[in-house]
Amino acid sequence: MVSINKSRGDRSLRSLVDPDNGLIARDTYVNEAIYQQELEQIFSRAWLFVGHETQVPNPGDFIRSRMGEEEVILVRDRKDQRLHVFLNSCRHKGMKVCRYDDGNTLVFTCPFHGWSYDTDGRLVGVPYYNDAYSKELDKSKWGLHEVAQIANYHGTIWATWDSKAPSFEDYVGSWAPSIQHCFQSTDGEDNGVELFSPVMKWRIPTNWKFPGFSFAGDAAHVAMTHRSVNAASIGPQGNRGGSERFPMTAPFPSQVYSSADHDLGHGGQNTIYENTGARPYRDTWHTVPGVDEYYRMTNEKKQKKYAGKYMPPGGHGGGHFCIFPNVILDHWRILLWHPHGVGQTESWRMFQVDKEAPKLVKDAQRRYVMRYCGPGGLTESDDMENWNYAFPASLGTIAQRLDYNFEMGLGHSHPDEEWPGVTLNYRISEEPARARFRRWLEFMEASSWDDIHPVKKDKK
Amino acid sequence: MAFSLDTMEQTLERLLLEREIEQFLYNEAELLDERRFSEWIDLIADDMHYHMPIRRNVKFGEHHRENSDSDSEISWFDEGKETLAGRVRQINTGIHWCEEPFSRVRHLVSNIQVDSVDGDEVHVRSRFIVYTNRLADEVNLFVGKREDVLRRDPDTQWKIAKRTIILDQNVLLEKVITTFF
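First to last, the protein sequences are chains A and B. Following this note's numbering, the numbering of the first sequence begins with 1 at its first residue and continues without gaps. Following this note's numbering, the numbering of the second sequence begins with 461 at its first residue and continues without gaps.
Treat the hints as calculated values from the structure; they're not laboratory data. You may find that some hints are simply not true.
Here are the simulated lysine-lysine pairs, DSSO-like style, with alpha carbons at most 27 Å apart [said to hold, decoys possible]:
1. A:K201 / B:K605
2. B:K605 / B:K519
3. A:K201 / B:K622
4. B:K541 / A:K359
5. B:K519 / A:K79
6. A:K359 / A:K309
7. B:K622 / A:K135
8. A:K359 / B:K622
9. B:K622 / A:K362
10. A:K201 / B:K519
11. B:K605 / A:K93
12. B:K541 / A:K201
13. A:K79 / A:K96
14. B:K622 / A:K96
15. A:K201 / A:K301
Derived coverage of chain A by chain B (criterion: at least 3 residues anywhere in the stretch with Cβ under 8 Å from a Cβ of chain B; other residues may be distant) [unchecked claim]:
16. 120 to 133
17. 147 to 156
18. 196 to 208
19. 366 to 372
Built from N, CA and C at the ideal position, the CB exists for glycine as well.
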């Protein structure tokens, strides 16, 4: 248990985090001991996003990814084509066995002493095995360290280091259909997207929770943080009316809410549809001939697919949500906030596009996301400024006597009747962040998954 | 055509061209450092392509994959004059917070080499160090190489028709890139 020696005296974690009243002590963002405890109690236990199956389509394909602070390798086995996630550290003396960002390989060979691992993780090569080890080393015990559980959910690859963690489906709960929807192509086909390569990766000098806990649901920042964006006319429709940050969407009976799962910690901003069927298409890509034609065609297919059925909350049509702790999803991008020290975050961006789209559509989509996102993104660059300077401004002795305010919308939420476990609030509220902190506290206090909801089903 | 050193006349022609290109690039750096962004935009050809690829760590023998491909992949920047002009408008709103207040920026341009001349276009290589200093104590450093195509222009002498910016980083270590290269 972390003990905090601050001017307010020794305080337990529970006294630092008060989601019921929307008060969060700044220690939770700036204290090194708390950060170390997060690595141990959250990132070593939770289901984390590792990649997408289209990043490793062929036998022997790999990418380097991350889980928390640590590097992992996502690889497709050469023989049975199963996906594996391994810690990128040789079992001999710890060297990285893979230092390429992506590629295709027969084996992973450590550059230090030459231990070699098959794409299923087995240790297959040990120099001097006969002479120096006298053939006594038990190679079967020294394969690459593998995650305890891996899940492929509609093409997205998730993993956890904890064998006691519940199944991925139980972990995400009623958010599963929304995740599924984010990885449907625009015609509504499951698993219909691929990711552009490579991944945008950059370091930002702030605690991972600033973006991680606030990005999804902090609709209040838009008007102020992104005021300058419309001036630059970066939307697909260029200068054509309305807000230029997003394509204009056709009117469709729906309501945007902030959404929060106070048991599971997920949530953000979601569109909830009041009618069955898919939203009609409105032309927005007039600057690139041919793109509207494609999206109008896929939208017609989607409308047929969803005839008589409600679309899941969020996904296509607006909103993005956080899957606790550090993954934010919407229908066109994946945002990861990897902890990289208490005051450093490695921010990753990946972008979906319809697998079957013609090149001109893929190119238009790709150019849009590059203008919008990342360290050079017209929109996201201003986000960085705020998160980054909020961190040092919270470090001071006086500053740390103060709480962060998460009161917005407190007491004005209501449970959603159709969506089990989810609380809704006005479209701009800090309900999602309060749920995140409730979940955070549960992870941080628990000694194992035995004390964390939901307990693995086959355990008892 | 490649340069030959056959005659004094050709040597002089090459020296004058190199000098002219150098002065153009130094003047461009001056405009950027002095925040004369609208004048900088005037140096850009209407069909200009501005590309800063993401750099991969790749296996020996796969170096053709090292820089992300403008034709199909994600880059830090991959755009034309219209978007660059939008960036200038955004900076000049005074509410683009990552450049408000302005960063202090210096472009050091060196190793300028005229690679080839192709009609009214010249292919030029250069190296850059871009130092930015912001608010009280934020320092960012960008080091890399540029590959330019400059085109003769009756109004501005030269216009930038193509610029590829090879930034020597993999995981970007700066929080944002809001300066031009």
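Do the hints match the structure? See the list:
no., hint, result
1, A:K201 / B:K605, "holds, 20 Å"
2, B:K605 / B:K519, "holds, 22 Å"
3, A:K201 / B:K622, "holds, 25 Å"
4, B:K541 / A:K359, "holds, 22 Å"
5, B:K519 / A:K79, "holds, 22 Å"
6, A:K359 / A:K309, "violated, 31 Å"
7, B:K622 / A:K135, "violated, 60 Å"
8, A:K359 / B:K622, "holds, 23 Å"
9, B:K622 / A:K362, "holds, 23 Å"
10, A:K201 / B:K519, "holds, 19 Å"
11, B:K605 / A:K93, "violated, 37 Å"
12, B:K541 / A:K201, "holds, 25 Å"
13, A:K79 / A:K96, "holds, 23 Å"
14, B:K622 / A:K96, "violated, 39 Å"
15, A:K201 / A:K301, "violated, 35 Å"
16, 120 to 133, "violated (count 0)"
17, 147 to 156, "violated (count 0)"
18, 196 to 208, "holds (count 10)"
19, 366 to 372, "holds (count 5)"
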